[in-house]
Amino acid sequence: MKLHRLLTFAASAGLALALSQAATAADYPTKSIELICSMSAGGDSDFNAREIAKYLTQELGQSVVVTNITGGGSAVATDEFIHSPNDGYRLYMNHSSLHSATAFGISEYAWYDMEPIDIFGRGTGEVIVVASDFPATDVKGLIEEAKKNPGKYRFGYNAGATSHYLAVSLANEGAVFNNVSTGSAADRVVGLKGGHLDVIVAGIPNIIDYVKTGEFKILGNCASMRSPFYPDISTLIEQGYNISFDPTYVLYAVKGTDPAIIAKLDAAVKKIVSENKEYAAEIEKAFQQSPYYEDTAKTKETLKVQLDKFMAVKDQLRAGFSKK
Amino acid sequence: MFEQAVSLLMANPMSFFWMVIGVVIGIVFGAIPGLSATMAVAIFLPVTYGLTPVVGMACLLGLFVGGISGGLISAILLNIPGTPSSVATCFDGRPMALNGQADKALGGGIVFSFLGTLFGVVALIFIAPFLASVAIKFGPHEYFAVTFFSMSLIITLSSENLCKGLIAGLLGMVFATVGLDNIEASRRLTLDINQLRSGFNVLTVLIGLYAITEVLENCKNVSDNEDAELQDVTMRGFGISVKEGLAQWWNGIRSAVIGLVIGILPGIGGGTSNIVAYTVAKNNSKHPERFGKGELAGVVASETANNAGIGGAMIPLLTLGIPGDTTTAVLLGGLMIHGITPGPLIFEKHGDLMYAIFVLLLLSSFTMLVVEFVGLKGFIKVLKVPKYYLLPVIVILCAVGAFGLNSRIFDIGSVLFFGVVGYLMSRCKYPLPPMILGFILGPILEVNLRRGLTSSQGNFLDFFSRPISGVLIGFTLLYIVYSIYRVMASRRSILITE
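Going down the list, the sequences are from chains Z and C.
For the first sequence, the working numbering begins at 1 and goes up steadily by one.
For the second sequence, the working numbering begins at 1 and goes up steadily by one.
Check the hints yourself; a few may be wrong.
[Said to hold, decoys possible] Computed footprint of chain Z on chain C, listed as stretches where at least three residues anywhere in the stretch have a Cβ under 8 Å from a Cβ of chain Z:
#1 405–412
#2 445–453
[As the list claims (entries may be wrong)] Just so you have them, the derived chain C footprint on chain Z, three or more residues with Cβ under 8 Å:
#3 57–63
#4 76–83
#5 189–195
These are computed hints drawn from the structure, not numbers from a lab.
Quick caveat: nothing in here was measured; it's all calculated off a predicted structure.
Cβ coordinates follow ideal geometry from the N, Cα and C atoms, glycine included.
Only chain C is shown next, with the shape it has when bound in the complex (with noise of 0.2 Å):
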């Protein structure tokens, strides 16, 4: 299958090219705050419109990875972390950039980043294929099971407040029933406007949410950045050396592994991996008062985590059609734009552009090594633009990006009003990401819900006695019973304290 996927990128070189490019602007979009992998992918797809499969995904994978990458720059030198994947970098990056060994920090960032993005590709390499041909026995029933753990999950793990969260997962789902119902095609909630016939697209609510809403947010606190203090450094070598890095092996390997499993899990990816590893590698170290202070294995936690999540979050994307994460769900839409649907025979239907993916990933990685050292001066620079610059730039390419969807104003409208709508739970302190899984997700569980009883005649029990959709669904009801016990059980002893 290799030589397939190398004789297919050998006749498209262009990838080549298009990759280094996507890694580049990864990096940008990971380090400036406010701009993230997910950002980065989603205004950069409409660019791939023209580009073949393989050098569209070519380009959407190089930002990806880059820009899960990057944010760890700024984290270190500004202390405010590019993405949500690098928060925990700053807890150790920073205080060791002050200590004078920002070198230190950023070459064992970048290395591991490296190394955790290699794990990840590997491990996906083995468990796609496999569970690609286990998830061709999912009947509706089963996906319907995983839906609904996959939302249990989101909704309970990216929201502190486990209201808030339901209310934002569940207003997701009700703007994604907005259209022609994906069953019997019956108008839904179209207010007799035409064009909402067509619903909303998943990229204009993912670029108003994130974007726009980003951007929004940006314009209040614009000033603050400016006299941010950047530290300045000087690379020596690789900054760590090879004894330093060996020592990391046990909580690079164990990272990686933390970072794998959450990515592979749907909804959360790296925003939440990052922190998960660090604190287990602060619980596990022999130093732990050391942690926060300088220490060199938080920041290879934290970026191994991340970046292994890549691979991860592209397994249930490629076999099932569930995107892991929200950056996933941009590369969902960039497959489908070129004719892809991922799904179990997505290995049988395109193997060669499947391994096309993983080669690109792999070059990726090493590309990103290469790029983050070389450029390191440039990427600090481009950290002192001013976001007046840059704020309004990222508005026009989303409005460019939202009209090449479907070449109509309606999207431009469509993403203006996410974009607001995202800012207006911001500020209410609603989180984001369960209102996007619930839009994507959404319309999957109801899909599956409805053919499900249709095939089984009406009959609910069936959703309980398959093995495989009964084990889910009863584990997934536990998990809620245990979170909503939690809520409680913390509510409780808020209140016995008080």
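Same shape as in the complex, but just chain Z (with noise of 0.2 Å):
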């Protein structure tokens, strides 16, 4: 009687798991989904994290919630994303840190060892700025600069990131500078505008008041295509040297995550950023930014050309500037 009993227990309990897991994709979301942040809270990056989130919450009537996790220039974060559930209550946003840490070695991961979902933003870009008595009007008078005064000229540059990937490809076009690590863009700045660096990479919205006042101007913008905001700032490509990064926020899913719930995130996230009015007004107000989707399918492609530009200077990030 007792065995009976256990065994009916025994398959009712597998026929209900059985049940949850079929469920599990049609149904998905049943409880809320936390969304990592590899960047501090305050920064552009956790705004597009958060403003994706509070849409997603709507679309899918689960609340989407923000967590940051930092440090370690990113790998922190994606070092405890991939080793969590791949239910889909678990998901990842980065950007080229995401690639920079790969080829800089910090991170044992790439964007390959987590499912991407698409990419749902692209941020304002970096430019080349410096002050505006700087005896040179584009990249090719920089450069130009730099190989007649090699060392002279201080680039402002972070171990690991993008500006660091920018120090070793204009030093591919001959420019030899002086390339002291700066810390973040705030603090590079600091530098510029108090003299202590000659040239550094920013984004647009941390330098254009100081663009505005006349105390620096822009070189080139480092993105692939112009800015809709600031389109008479050409991109390094059109002035003919074949640099460039995106900061295109990339949503990711634990590897082996249902394909079924990431085309449902997926879905939810395309009619986000190209129906709903009022996330581009939120997302052009704070960061001058413009709606930008590419499919899962195309993400892949695009976060493989990303990486293998990093990882062609893999060796040079690698061996520093100091240690010549």
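Could you fit the two chains together into a complex? Lean on the hints.
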């Protein structure tokens, strides 16, 4: 009798389990979702994570909560995320810092160790900035100047970040800078303003006020295309250099997540980015972004191209500047 | 600028509410022995994560002002300084209470706490924007020199034993090197533990060393407090007459200036200034023999000085990003969490918030004045709450706060780890402030040294040939030589007398 009861219980429990698993994809999500942002609260990445989370909450009917896990050039968050269960209740957002961490060797993982869902946004991009009395008006002039006066100009970069990649790329074009490791973009702006640096890379919102006051001037945009809000700033590619990096915000799921869940999330994101007027207005107001979306397949191609670019200069990145 | 600040505050009316809450809780933390302003700000920092920057800062500033002032209550009524900032308040506050003048001591202390805060904040309003405009000229060489100067001050001033102070400071610097280095992002002391790649968060170190250590210390003598005698008090008006208040004008101004200057110097704050101001007041008094027996001037000197240091400590924090004491070190974390990086450009980037901070500090000091007078009875009751209810709550709050920093269990572990480290250190009589400031200033020192060397192509001479850094470094070296000489001299005199 007892055995019989036990068997019935086991069978019904098994059935329930099977049912619940079958229901996962169709009913997803049944509880709140955590979105890990690898950048600290308050910046542009965090803002984008919170914006998409806010509207995903509306689309999915379950709250999407942003958690910031910082440190180690985003490697700590990547590490934490990769070892999470692949049930779709933990998502991750990162941008090119993921590739630079991979190429630089800070992180053991790359984008293909996760399931990219889609690209859901693109930042304003970073520009090359100098003080307004600098004897050059474009990147060509900058490189010429740096060839004529090797080591004279101080270039501010952040080890393992996109500015480091740019420093290496400019060196490959023949420019000889005195590369000074300077930390965040905010520190670089202070350095340029105080005359402690000569050339910096920074996001447009960081420096545009000083361009308006005539203290700084922009030599070129490092993104692959011009910003719709600053159409007169030409890109490095237009100026004849094959250097570009785009701050694309990518949403990831854990490796092995049910494709149906990924499709569902992708559809929700696509709807927000391409249709939601409120979302568009908010990202424009905060960081002068326009909505941008790439589907799962295209995102994977983009990520491959992005990583290849960083891997091409991998050895130079790892060598550093001061060890020469 | 003040107009923008006012409109920012009007757009965030909750900031007034949070500021009052902050002041009240700050006074409670200040009043209860063992809890300090630093701890109040550290524990409540996670509460501000979800608030807007201005509302969050309103809460933290309220805690700061209330926490520094609240210490006087237990100093006078229990003869236990609620915080290190009120040590000298005991000297005369307690005798006054025993002489039946508890209301006069409390009233005088509260009024001059308020005046001291006001003085410090006004100085902040005038000095900070000016210093910010000078600080933009500071390159890595100058930052290195300023930090070097600060570190030498901290280590010599905040410890009785120079060697132990140095060891604590260096220990702090060693812990700060864990993680990816700030120049080349190479891994240091990570022991192949992935979590250690991000290093130790400054707030986990602070909460651990301050709060957990303090709780462990208190566990030992929990029963001691239960039978401590609590003075009852009835307030008549402000406790002191206008005439008595006015008679202290010179003492008040002198102590405020002492508090301000010591507050501006990085690393030392209210804990030092109240004793210095008390000593100066005593030495300059016509009746030095009355000090220690219930002289109002003693309470006034101590309480004015420690509160004037609030404005002082905010000056290097906002303009250079170098915290002036442990409480402002936590505030630095609070600003960063809200995406505000203190530095020379802070008035250009966040001018409205800066002036809102000034307004909030002024409002907090008024609130403190009112709350302390109105709620005095209540705060005295809080002092009667047994420690064994309080301490576990604090440990939980510390753990929650640590997790809130970066959503990692690892940080809770770090807090407990640093709590144990701090306890062992304080058992062996190693001072904790040099360790914390070594932890905070060590990376600033290293980064600017290496940056300075790269930008001057590896030439060390630039640190000495640039005027500001040259003078500061020269001054620091002289000061270090003098401190060592002083230690040697005192040791020799001990040997001779033996």
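Status of each hint after checking the structure:
no.	hint	result
1	405–412	holds (count 3)
2	445–453	holds (count 3)
3	57–63	violated (count 0)
4	76–83	holds (count 3)
5	189–195	holds (count 6)
Of the numbered hints given earlier, the model fails hint 3 alone.
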